[in-house]
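Please take these sequences and the hints and turn them into a complete structure.
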Amino acid sequence: MESNLVRNGCRRAVAVCQTASRRRTIHQSSRCRATPIERQGDIKAAPPVRLNKDPNQFGRGRPRAQLVENEDSRNDPESRQRAMLRRIRIVPASPSYFTATPKYTDDLLELTALLRKYQTLPTLPRGEAPSVRWKSRDLYKIETQENVRAKSYNTLVELLKRLNYIHPSLIPAEVTEALDRYKRLVQPHLNTPNPIVIDQYGRAKAVGRRKSSKAAVYLVEGDGQCLINGKKLTDFFGRMHDRESAVWALKATQRLDKYNVWALVKGGGTTGQAEAITLGVAKALLAHEPALKPALRRAGVVKRDPRRVERKKPGKLKARKMPAWVKR
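Our numbering puts the first residue of the sequence shown at 1, with every later residue one more than the last.
Hints listed in this document are in silico derivations from the structure and should not be mistaken for laboratory results.
Watch out, some of these pointers could steer you wrong.
[Unchecked claim] DSS-like, lysine-lysine: derived pairs with alpha carbons at most 30 Å apart:
| hint | residue 1 | residue 2 |
| --- | --- | --- |
| 1 | Lys258 | Lys232 |
| 2 | Lys214 | Lys312 |
| 3 | Lys312 | Lys266 |
| 4 | Lys103 | Lys135 |
| 5 | Lys313 | Lys266 |
| 6 | Lys232 | Lys266 |
| 7 | Lys103 | Lys151 |
| 8 | Lys251 | Lys211 |
| 9 | Lys135 | Lys117 |
| 10 | Lys293 | Lys205 |
| 11 | Lys117 | Lys151 |
| 12 | Lys135 | Lys161 |
| 13 | Lys231 | Lys303 |
| 14 | Lys293 | Lys214 |
| 15 | Lys318 | Lys214 |
| 16 | Lys231 | Lys266 |
| 17 | Lys303 | Lys251 |
| 18 | Lys293 | Lys303 |
| 19 | Lys161 | Lys151 |
| 20 | Lys293 | Lys258 |
| 21 | Lys205 | Lys258 |
| 22 | Lys251 | Lys266 |
| 23 | Lys211 | Lys312 |
| 24 | Lys303 | Lys318 |
| 25 | Lys231 | Lys211 |
| 26 | Lys183 | Lys103 |
| 27 | Lys231 | Lys205 |
| 28 | Lys211 | Lys316 |
| 29 | Lys303 | Lys258 |
| 30 | Lys141 | Lys151 |
| 31 | Lys214 | Lys231 |
| 32 | Lys183 | Lys151 |
| 33 | Lys266 | Lys318 |
| 34 | Lys183 | Lys141 |
| 35 | Lys183 | Lys135 |
| 36 | Lys251 | Lys232 |
| 37 | Lys303 | Lys266 |
| 38 | Lys205 | Lys266 |
| 39 | Lys321 | Lys211 |
In structure tokens, the structure reads:
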């Protein structure tokens with residue numbers, strides 16, 4: 001019994017010693033392999049990889065003839081140039097190419113550079129800059145084909161306004177060219193209406209509008225006759241107020257019995273037609289007597305009345321009238 005115990009104990013001790021020595025040997029060998037003792041050479045960059053269109057460029061089964069052909073082509077200048085052109089990346093014309101709105105960004109940078117360059121030039125007093133109408137944001141979006149936000153476009157317009165304040169006698173040519181690119185083709189303040197002239201028969205023709213009515217009025221010196229669409233004034237307008245409105249320009253200037261009126265009117269109701277004739281008569285009268293403009297202005301017949309009927313809203317009886325509120 002004791003001999004068996006001694007035998008088993010010896011076997012276990014031998015097994016434990018062999019396992020520990022084997023484990024130590026493995027660790028020592030792996031440690032030696034991970035950290036070599038000899039001195040390593042200098043680290044060098046890998047050679048550049050020459051890419052081509054061959055799908056099996058990095059395969060191992062490339063034929064020897066192809067390798068020889070590639071080595072020969074490296075010495076050929078044309079082949080090297082073709083290889084270089086295949087590798088060259090196309091450079092965009094502007095650094096703003098990678099932004100969401102490249103054309104807008106270029107315009108903004110250009111105007112900012114101009115303002116920084118000429119910000120020391122004398123400027124006009126506030127409110128005395130030349131009147132200019134700039135392009136709308138919708139038109140700018142159509143020209144650039146970019147979705148420019150309203151806030152961004154307002155920043156661009158502010159730069160244009162600041163450059164427009166430079167004194168006209170000192171403004172540089174490049175600033176003028178830059179401003180012209182953003183101006184509207186038609187400037188409203190430069191649009192002057194064609195003057196009303198008197199023809200060979202002594203007639204002055206003018207057009208008046210009110211609401212949806214339009215009247216063409218012919219005014220000639222006479223004895224105070226008034227025909228509207230071939231009818232007399234009293235026959236065409238039943239209301240006294242409309243009759244007075246039609247010839248109010250002549251009555252306010254005491255020229256009621258000195259001119260004859262021939263009017264062609266269409267569209268709208270009686271009130272709109274009468275006031276359209278009023279504006280036409282006033283314009284034609286100014287062609288005969290320009291000195292009457294202050295009196296006609298006081299009478300309120302020089303400018304067109306832009307008011308129109310307000311549209312009806314849903315849920316209301318009329319434009320603003322609400323239905324009667326009922327408690328139950």
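Verification of the supplied hints:
Taken as a hint, the Lys258 and Lys232 pair is honoured in the structure, with Cα atoms around 17 Å apart against an allowance of 30 Å. Distance hint between Lys214 and Lys312 is fulfilled; the C-alpha atoms sit about 24 Å from each other, no more than 30 Å. Only pairs whose Cα atoms come within 30 Å are accepted, and Lys312 paired with Lys266 is accepted, the gap being roughly 24 Å. As the CA atoms of Lys103 and Lys135 are separated by approximately 15 Å, the hinted pair is consistent with the 30 Å bound.
Taken as a hint, the Lys313 and Lys266 pair is honoured in the structure, with Cα atoms around 28 Å apart against an allowance of 30 Å. This hinted pair checks out: Lys232 and Lys266 have alpha carbons roughly 16 Å apart, not beyond 30 Å. The suggested pairing of Lys103 with Lys151 holds, with an alpha-carbon distance near 16 Å, which does not exceed 30 Å. The straight-line distance between the Cα atoms of Lys251 and Lys211 is roughly 23 Å, inside the 30 Å bound, and the hint therefore holds.
Only pairs whose Cα atoms come within 30 Å are accepted, and Lys135 paired with Lys117 is accepted, the gap being roughly 24 Å. This hinted pair checks out: Lys293 and Lys205 have alpha carbons roughly 17 Å apart, not beyond 30 Å. For the suggested pair Lys117 and Lys151, the alpha carbons sit about 24 Å apart, so the restraint of at most 30 Å is met. For the hint linking Lys135 to Lys161, the alpha-carbon distance of about 12 Å falls within 30 Å, and the restraint holds.
For the suggested pair Lys231 and Lys303, the alpha carbons sit about 27 Å apart, so the restraint of at most 30 Å is met. Restraint check: the Cα-Cα separation between Lys293 and Lys214 comes to about 22 Å, which is no more than 30 Å; the hinted pair holds. For the hint pairing Lys318 with Lys214, the CA-to-CA distance comes to about 26 Å; that is within 30 Å, so the pair holds. Taking the CA atoms of Lys231 and Lys266, the gap is near 14 Å; set against the 30 Å cutoff, the hint holds.
Simply put, Lys303 and Lys251 have alpha-carbon atoms about 17 Å apart, close enough for the 30 Å limit, and the pair holds. A hinted pair counts as satisfied when its Cα atoms are at most 30 Å apart, and Lys293 with Lys303 qualifies at roughly 11 Å. Note on Lys161 and Lys151: the hinted pairing holds, with a Cα-Cα distance of about 15 Å set against a maximum of 30 Å. For a cut-off of 30 Å, the pair hint linking Lys293 to Lys258 stands: about 17 Å separates their Cα positions.
A distance of roughly 17 Å separates the Cα atoms of Lys205 and Lys258; the hinted pair therefore holds under the 30 Å criterion. Taking the CA atoms of Lys251 and Lys266, the gap is near 23 Å; set against the 30 Å cutoff, the hint holds. Under the criterion of a C-alpha separation no larger than 30 Å, the hint pairing Lys211 with Lys312 is consistent with the structure, at around 16 Å. Between Lys303 and Lys318, the direct Cα distance comes to roughly 29 Å. Compliance with the 30 Å bound is thereby established for this hinted pair.
Taking the CA atoms of Lys231 and Lys211, the gap is near 22 Å; set against the 30 Å cutoff, the hint holds. At most 30 Å may separate the alpha-carbon atoms for a hinted pair to count; Lys183 and Lys103 meet this at roughly 17 Å. Simply put, Lys231 and Lys205 have alpha-carbon atoms about 19 Å apart, close enough for the 30 Å limit, and the pair holds. Taking the CA atoms of Lys211 and Lys316, the gap is near 23 Å; set against the 30 Å cutoff, the hint holds.
With a C-alpha separation of about 23 Å, the suggested pair Lys303 and Lys258 falls inside the 30 Å cut-off, and the hint holds. Straight-line distance between C-alpha atoms of Lys141 and Lys151 comes to about 13 Å, which keeps the hinted pair within the 30 Å bound. Distance restraint check for Lys214 and Lys231: the Cα-Cα separation of roughly 17 Å lies within the 30 Å cut-off, and the hinted pair is therefore satisfied. Proposed proximity of Lys183 and Lys151 is supported: the alpha carbons are some 19 Å apart, at most 30 Å.
Taking the CA atoms of Lys266 and Lys318, the gap is near 26 Å; set against the 30 Å cutoff, the hint holds. Between Lys183 and Lys141 the CA atoms are separated by roughly 14 Å; this keeps the pair inside 30 Å, and the hint holds. For the hint pairing Lys183 with Lys135, the CA-to-CA distance comes to about 6 Å; that is within 30 Å, so the pair holds. For the hint pairing Lys251 with Lys232, the CA-to-CA distance comes to about 17 Å; that is within 30 Å, so the pair holds.
Proximity of Lys303 to Lys266 is assessed by CA-CA distance (about 20 Å); at most 30 Å being required, the pair is judged to hold. Restraint check for Lys205 and Lys266: satisfied, since their Cα atoms lie roughly 16 Å apart, inside the 30 Å limit. As the CA atoms of Lys321 and Lys211 are separated by approximately 21 Å, the hinted pair is consistent with the 30 Å bound.
Comparing the model with each earlier hint shows no violations; every hint is respected.
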